[in-house]
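Student: Residues per chain are reported as follows:
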Amino acid sequence: MDTASFAHSLQTWTGGGPLWIWAALSAFLIIYLIALPFGGFATYVERKVAADFQDRIGPNRVGPYGLLQFLADAVKMIAKEDFVPAGADRFLYNLAPLLVVVGACSAFAVLPLSQYLMGADVNIGIFYILSISTLVAPGILLGSWSSNNKWSLLGGLRGAAQIVSYEIPVALSILPVVLISGTLQIGSIVEQQGWAPGAENAAAYHFWNVFHNPFCFVASILLFIGGLAETNRIPFDLPEAESELVSGFNTEFSGMRFGLYALGEFAEIFVMSGMLTALYLGGWHIPFLNLDSLFVKLPSGLIALVQLGMFSIKTLSLVFVVMWLRWTLPRLRVDQLMGMCWKGLVPLALINLFGTAVWMWLFNGRSLAQLIFGIAGH
Amino acid sequence: MSFLDWATGLHGYLFVGTILATLGIIAVVYRRNSIGVLLGIELLLNAASINFISFSKFRTAAIDGQIFALFIIIIAAAEAAVALAIILRLYRLRETIDAGEANLMRN
Amino acid sequence: METGYITALWFIVISAVTVPLMLGIGWLIRPKVKGSELKSQAYECGEQPVGEAWIKFNIRFYVVAIIFIIFDVEVATVFPAMTLYKSAIAQGAGGIAFIKIFLFIGLLLSGLVYCWVRGDLEWIKGAAQGIKPRK
Amino acid sequence: MSETAKIILVLFQLLTIASALLVTFSPNILYASISLLFAFLGVAIMFLYAGADFLAGVQVIVYIGGVTILVLFAIMLTSWMYQVKLRDSRAKLIVPLLLALFGLLPFLYQGAQHLASRVLRTVPPDFEAFAFSPKTNAVGEALLGNYLLPFEGITVLLLGALVGAVWLARPK
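Chains as they are written, first to last, in our numbering: chain A, 1 to 378; chain B, 1001 to 1107; chain C, 2001 to 2135; chain D, 3001 to 3172.
Quick caveat, the hints were computed from the structure, so don't treat them as lab data. The structure displayed is predicted, hence computed values, not measured ones. Any given hint might turn out to be false.
[Stated by the list, open to error] Estimated spans, in silico, between C-beta atoms of each pair: (1) Lys2032/C / Leu3099/D: 43 to 53 Å; (2) Val75/A / Leu2109/C: 28 to 38 Å; (3) Ala2016/C / Arg333/A: 50 to 60 Å.
[Unchecked claim] Partner residues aside, some chain D positions facing chain B, computed with beta carbon under 7 Å: (4) Ile3008; (5) Leu3009; (6) Leu3011; (7) Leu3015; (8) Ala3018; (9) Leu3022; (10) Pro3027; (11) Val3043; (12) Val3062; (13) Val3067; (14) Leu3098; (15) Ala3138; (16) Gly3145; (17) Gly3153; (18) Val3156.
[Claimed, not checked] In silico SDA-like pairs for lysine to any residue, Cα to Cα no more than 25 Å straight-line: (19) Lys80/A / Asp55/A; (20) Lys2032/C / Trp361/A; (21) Lys2100/C / Lys80/A; (22) Lys80/A / Thr43/A; (23) Lys2100/C / Leu3168/D.
Glycine residues also receive a C-beta, built at the ideal position from the N, C-alpha and C atoms.
Looking at chain A on its own, in the form it has when it is part of the complex (with noise of 0.2 Å):
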């Protein structure tokens, strides 16, 4: 299987001109076609899951279902007057969305839409998700301290110090999947979870790493619960609880300078989500089907087409997931909300982490599929 950036498919598809024109062009497609697209719009979803959950309508005037809801939002957000608080810091607040936007929208060029459509295959791809969404903690504390505000410092505050905490467990829960696959290269580690029992070289496929072993699979739990309190979901919202906090860091933030946080946000939903898809799920590939080991050889284009619609399905689900979470389950306190991570979610990956090397220590690196089928390992 030959992964190829979505720089380089463009260039072959139309053929010719520099590699950089076609490079920017794509990450210009990826961050105006998917990540802002995907901001605005999952905020019409989440009203109308919301609506869903509560036995209302929702959102239903702006076009058939109120589908185009979120163009109007958009309108609104963007022809909105725009407002600076007294006594803010004008350069950080304008600063603040910056960051927030670049943490979570660069995320995307390493997200594996599929082996044709990866913005940028790096060799680094688990760590550069990781270090550049920690723009994000910073750009959230410049905001809150920033406006002027009681409020949204608090809000400021505990965001940061929620984030940063919840950080070391998301980067242990993502260390399994660094054991079993060898590389931090995301194409690399989303291919090796194809399923290929008949092909020659069954060995390198050891099917969805969340079945790799028990320990991968409560890994992959607590890789989603991390996620959500890195982008500050119910019930991890205290830098945004609305009860107590007014509206957290975001208070002094009105019209499109909130709609840009609120972009970011739903990104990094995206960004984590996908994240989980491509690590723990699979990426692109279509359960017990090996696209590559087809008696058939579909064209490339095809196969992209296919393989970004089976990796979307699975990044939606998991979004609709955690949006689902927000209407069931309550908002933790400061405490419970440390105790946690630093009691529970620290030590269980650190388990995890050692059950997995023990494991593939004792099986010499086979996946539980692998046994069932009686592949033999390395």
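With chain A's structure known, arrange chains B, C and D on it following the hints.
Tutor: Positioned in the frame of chain A, the structure of chains B, C and D alone reads:
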């Protein structure tokens, strides 16, 4: 040799490293705010890792320079944690963060 | 591989340009309203804002940040070692690699245990001394 | 490496230098720490171009995600620090500026003696290959091989730093 080649070559890297080191030293000596001094130290450490990295690429093409830079980063983080804890403690004891007034050990 | 990183840089550049772009479009099309002094007051539930917003905070935030940075560094360092484990097992040297990696992680764990025992992970003052928060 | 890529690198180098200037001379300590964030980012990009991709990631995670947050917390938790205006004395600038001149002298010399410096330019043969080859495994091999003792030793250092810093910062 064009400017771009110079700037992206060894000399460009060393030039940026030198500037960072100089500014770091200036911050350490010139700043009275202890946190400013800490920021200067971070700049100095960054300059050192730039040198390690650039020589590792442009002279040896070996990994050792990167390992040294990795250790520099680790030590810088540990140092920042301890230094900021000390600054906080200093404030609690002396109600100041002026580096010049932390002189209990002088007499 | 070079293209990969250049694309990643383009992602950073383009997402950084997006923000001023959107705020700029908004600036062009929105009505220009002159704000009043009352309107630009900091929001404190409709009351007059009291004092500065920069109030004194719980020092616990800071302790958490210190614990975080130490763990962050350790986790970041252990990543490259982890990538070797698979090939070490394939070469039959899994045991040695296991000991090398988990000696590192074990020391990390002992730091966590120290903080736990000394009560630095408790958010509420006095919780380490057995004073429980109200249920 | 293409010309466009080189221009991007030069832009980030300029960003690094400009931010470092702000770090040193900005009277506002909060702005100084924010510009330190951008200086770190610029240095990370320089690492990336020098073939240290993993190091670039570590630089961003540890410095931007860790050190900057810690400094911001320190400034914000102790709001007085922000309001304290400490006057820096200009006289103290003389010695470092002399040092700076001393450090930058080789570059002035290099500009004049452009041809002489070309002798130093013994580029290793696998220069480009090194720049864009995966480094994570190589770093891991070095850490578990030649540098095993420092690798394990660094945990002891970090443990000491953790215990010491938490002890110092613990509320009494």
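Student: So, for every hint listed, does it hold in this structure?
Tutor: Right, here's what the structure says about each hint:
no.	hint	result
1	Lys2032/C / Leu3099/D: 43 to 53 Å	holds (52 Å)
2	Val75/A / Leu2109/C: 28 to 38 Å	violated (53 Å)
3	Ala2016/C / Arg333/A: 50 to 60 Å	violated (36 Å)
4	Ile3008	violated (10 Å)
5	Leu3009	holds (5 Å)
6	Leu3011	violated (10 Å)
7	Leu3015	violated (10 Å)
8	Ala3018	violated (10 Å)
9	Leu3022	violated (10 Å)
10	Pro3027	violated (9 Å)
11	Val3043	holds (5 Å)
12	Val3062	holds (5 Å)
13	Val3067	holds (5 Å)
14	Leu3098	violated (10 Å)
15	Ala3138	holds (5 Å)
16	Gly3145	violated (10 Å)
17	Gly3153	violated (10 Å)
18	Val3156	violated (11 Å)
19	Lys80/A / Asp55/A	violated (31 Å)
20	Lys2032/C / Trp361/A	violated (67 Å)
21	Lys2100/C / Lys80/A	violated (58 Å)
22	Lys80/A / Thr43/A	holds (18 Å)
23	Lys2100/C / Leu3168/D	violated (31 Å)
Checked against the numbered hints given earlier, this structure breaks hints 2, 3, 4, 6, 7, 8, 9, 10, 14, 16, 17, 18, 19, 20, 21 and 23; the rest are met.
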